[in-house]
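J.: Each chain is listed here by its residues.
There are 2 protein chains.
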Amino acid sequence: MNIYDISKEAGVSIATVSRVLNGSSSVKPVTKKKVMDIIEKYGYTPNAFARGLGLNSMNAIGIICADCSDIYLAKAVYYIEGNLRAGGYNTILACSGYELEGKKSALNLLLNQRVDAVIMVGSNFVESEDGKNEYIREAAKQVPVLLLNADLDCPNVYCTMCDDSKATQEAATYLINSGKREILYLYNSKSYSAIKKLTGFQTALLVSGMDIDKNRVLYYDGSHEDIEGVCDFLCKTCSENKLSFDSVLAADDVLAIGATKYAKKMGLKVPEDIYIIGYNNSLLTACNEPELSSVDNHLETLCSQLVKTCIGTLNHEDIPQKIIFSGELIHRGTTKHI
Amino acid sequence: MNIYDISKEAGVSIATVSRVLNGSSSVKPVTKKKVMDIIEKYGYTPNAFARGLGLNSMNAIGIICADCSDIYLAKAVYYIEGNLRAGGYNTILACSGYELEGKKSALNLLLNQRVDAVIMVGSNFVESEDGKNEYIREAAKQVPVLLLNADLDCPNVYCTMCDDSKATQEAATYLINSGKREILYLYNSKSYSAIKKLTGFQTALLVSGMDIDKNRVLYYDGSHEDIEGVCDFLCKTCSENKLSFDSVLAADDVLAIGATKYAKKMGLKVPEDIYIIGYNNSLLTACNEPELSSVDNHLETLCSQLVKTCIGTLNHEDIPQKIIFSGELIHRGTTKHI
DNA sequence: ATTTTTTATGTAAGCGTTTTCATAGTCGGT
DNA sequence: ACCGACTATGAAAACGCTTACATAAAAAAT
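Just so you know, the protein sequences line up as chains A and B, in that order.
Residues in the first sequence are numbered from 1331 upward in steps of one, following the numbering used here.
Residues in the second sequence are numbered from 1331 upward in steps of one, following the numbering used here.
Just so you know, the hints here were simulated from the structure itself, not pulled from any lab data.
Check each hint, because a few of them may be wrong.
Identical copies look the same in the list; a pair holds intra-copy or inter-copy alike.
[To be verified] Each computed DSBU-like pair below joins lysine-lysine, with the alpha-carbon atoms no more than 30 Å apart:
(1) K1462 <-> K1566
(2) K1434 <-> K1371
(3) K1594 <-> K1666
(4) K1362 <-> K1434
(5) K1510 <-> K1652
(6) K1338 <-> K1652
(7) K1599 <-> K1652
(8) K1363 <-> K1338
(9) K1666 <-> K1364
(10) K1595 <-> K1371
(11) K1566 <-> K1666
(12) K1520 <-> K1462
(13) K1371 <-> K1358
(14) K1544 <-> K1363
(15) K1666 <-> K1471
(16) K1510 <-> K1599
(17) K1666 <-> K1496
(18) K1434 <-> K1363
(19) K1371 <-> K1471
(20) K1471 <-> K1363
(21) K1566 <-> K1358
(22) K1434 <-> K1572
(23) K1371 <-> K1462
(24) K1338 <-> K1471
(25) K1599 <-> K1666
(26) K1595 <-> K1666
Kindly produce the complete structure, drawing on both the sequences and the hints.
T.: Listed below in structure tokens is the structure:
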């Protein structure tokens, strides 16, 4: 069943059928109805390949994320997919892993599929070391590239992000204002955005006239999901360095929950003895005991804006290259809000 | 840059270039190298649409899931995507929501994209009421349909699943053998598979000569992620019905964690006073306190097998229509293993 | 009534592959 | 040296659509 069959049955040319399908130029209402009826009768749908060949577009957007099973990235993919679908676009998904090679090959895969644009989900896509971002610049020469929670100056690259630096700074400032003086900062990534969060933390300390104690800035090198691993890591590191702290600011909820476990193991009471703040405000916050205070970065809004930007550029609208939202500290049981 | 440009530069016909690209029939090694060199020189990649038109396949598989931000479904999507990519297939993702209409339209979307096969992720895709599964049967007339954790008898539909009924029965039997007599069963879906789990639970009771107390089989109608909601629901329902129980078997980790919250709220000690068992063995088990015992259904194995089946059918291999794995109760802090 | 403008439709040329069929070239066997 | 059997290659059709251009029909203007 192809466009010829339809045109034959309707007694019109294939051009007319095509016009009906695309609703583009003018077709007499009578003709339109006649064609529509036949189309419905046979349940005909145009061949996407042929259409793609003609239009050089498949109405598909590629999404790359490192790991779509990550609780935070999965949410992002979900929101983005929904918005894209609502906008008439399909979503081609590629998970790349966290290594550069994987990212490059996932990107090539999508470009070969002739996606109309590429959305890269997650701060881990922009490296602090700029040379490593060359592959993104290359891709941007072919199609618009949209970054979620990452920042890269490059033509045809559009960034939608939360100001993680500011949000982290605010969270840290809250801890300081609550009288905390021994804040442990926990992070698990060295992406551009991770570095910015760290900077935000340090800025808060400096602004308050506090020293930055390098021992209290810990990088956890394990799996992004391994809560037990975080706890063990803290046990080991803290006993080795005889490290104490009165609060934890984590770059991620998993880290924060690991820290909660550790604190309890040490016999500390949360939040009486120690405050703990996570980041992402994920489902996990509800599992913790007490429930985890966490920085919310309005993921749903970010994603909806990102897709708007995406579709906007595809329609050749004039679109700002960077859109920055603010984060917000959500107070729960692991901090006492004054 | 298209196949003509390559052929011209290499001084051969486009047919030869095509043959080199597809590695199909015989091409003289010298010619092959010559063509390859030119292809690499220009970084040429064939146009996916044109190829799709010719082959009537884009090497893409459609994945439908209700909600790819669900912690369990996201994992499934992740494993499937990885396996598909390793097998040379792309993944087109469509999230359908839990309503029938959404499922139908997501499916149509994918079929219009001319995917080579459709993978439906999640037990919620097969309804107990068989009429509602007609759209799956229709789809199966066009392309192979692969179901993860769902069961449907239909030509060209292939099911890969965990025997949830048996696994649930085993978990319940464990509780009974541990001396529990007032087991609360908690569930939140009425999919085919959810019903089978419930049946497994009931079978365990019957086999042990226990009565099925309908009051202790609770259906939670709220969001799949709302731990607090589950807790509230239990507070309300249990106080209304003056319900007590000495153990909880939940169809899902979120439900189980909600139950843990409730138990603690009531002043019960876990596991001393009450045992709790979840289902899916997700990341959440590690957040609970004590850590949640949960039924693992070997998702990674399921997914890898499902993709094997998928690629097998596409290669017209002889493939069994149903593959059933066993689940396994993983013991952690919410049960005392004897 | 005639000319001009507008609207509706058809014709045919791409789009970039794959693949069938035909043909030229190569090689071993006689 | 010649024939048959392969092997390597090319020419061209097919895939199903979009769209620029051409044209016929209808409407508006004179």
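J.: Next step is simple, just say for each hint if it's right about the structure.
T.: Now the hints, each set against the structure:
Taking the shortest Cα distances, K1462 and K1566 never come within 30 Å of each other, neither inside one copy (33 Å) nor across copies (55 Å). For a Cα distance limit of 30 Å, the shortest separation of K1434 from K1371 across copies, 18 Å, qualifies, whereas the shortest one inside one copy, 45 Å, does not. Both within a single protomer and between protomers do K1594 and K1666 lie at most 30 Å apart by alpha-carbon distance, with minima of 17 Å and 21 Å respectively. Within a single copy, K1362 and K1434 get their C-alpha atoms only as close as 46 Å, which misses the 30 Å cut-off; across copies the closest is 26 Å, which meets it.
Taking the shortest Cα distances, K1510 and K1652 never come within 30 Å of each other, neither inside one copy (35 Å) nor across copies (59 Å). Taking identical chains as interchangeable, the C-alpha atoms of K1338 and K1652 are never at most 30 Å apart, the minima being 51 Å within one chain and 43 Å between chains. For the identical chains of this complex, K1599 and K1652 are neighbours neither inside a copy (42 Å) nor across copies (51 Å), given an alpha-carbon limit of 30 Å. Proximity of K1363 to K1338 under the C-alpha cut-off of 30 Å is restricted to the intra-copy arrangement: shortest distance 15 Å within a copy versus 47 Å between copies.
For the identical chains of this complex, K1666 and K1364 are neighbours neither inside a copy (69 Å) nor across copies (71 Å), given an alpha-carbon limit of 30 Å. Taking identical chains as interchangeable, the C-alpha atoms of K1595 and K1371 are never at most 30 Å apart, the minima being 68 Å within one chain and 60 Å between chains. For a Cα distance limit of 30 Å, the shortest separation of K1566 from K1666 qualifies both inside one copy, at 28 Å, and across copies, at 28 Å. With identical chains, the CA atoms of K1520 and K1462 are at most 30 Å apart within one copy only, with a shortest distance of 13 Å there and 49 Å across copies.
Taking the shortest Cα distances, K1371 and K1358 sit within 30 Å of each other inside one copy (20 Å), while across copies they are farther apart (51 Å). Neither within a single protomer nor between protomers do K1544 and K1363 lie at most 30 Å apart by alpha-carbon distance, with minima of 73 Å and 56 Å respectively. In this homomeric assembly, K1666 and K1471 never come within 30 Å of each other (Cα to Cα): the closest approach is 50 Å inside a single copy and 59 Å across copies. Only within a single protomer do K1510 and K1599 lie at most 30 Å apart by alpha-carbon distance; the minimum there is 15 Å, versus 33 Å between protomers.
Taking the shortest alpha-carbon separations for K1666 and K1496, only the intra-copy value of 21 Å comes in at or below 30 Å, while the best inter-copy value is 46 Å. For the identical chains of this complex, K1434 and K1363 are inter-copy neighbours only, at 25 Å across copies versus 48 Å inside a copy, given an alpha-carbon limit of 30 Å. When the C-alpha separation of K1371 and K1471 is checked against a cutoff of 30 Å, the pair qualifies only between copies, where the shortest distance is 18 Å, while the shortest distance within a copy is 43 Å. Taking the shortest Cα distances, K1471 and K1363 sit within 30 Å of each other only across copies (29 Å), while inside one copy they are farther apart (42 Å).
When the C-alpha separation of K1566 and K1358 is checked against a cutoff of 30 Å, the pair qualifies neither within a copy, at 77 Å, nor between copies, at 62 Å. Taking the shortest alpha-carbon separations for K1434 and K1572, neither the intra-copy value of 42 Å nor the inter-copy value of 59 Å comes in at or below 30 Å. Taking identical chains as interchangeable, the C-alpha atoms of K1371 and K1462 lie at most 30 Å apart only when they sit on different chains, with a minimum of 22 Å there against 54 Å within one chain. Proximity of K1338 to K1471 under the C-alpha cut-off of 30 Å is restricted to the inter-copy arrangement: shortest distance 26 Å between copies versus 43 Å within a copy.
For the homomeric pair K1599 and K1666, the shortest alpha-carbon distances inside one copy (12 Å) and between copies (26 Å) are both at most 30 Å. With identical chains, the CA atoms of K1595 and K1666 are at most 30 Å apart both within one copy (21 Å) and between copies (20 Å).
Figure legend: structure checked against the earlier numbered hints; hints not met, in rising order: 1, 5, 6, 7, 9, 10, 14, 15, 21, 22.
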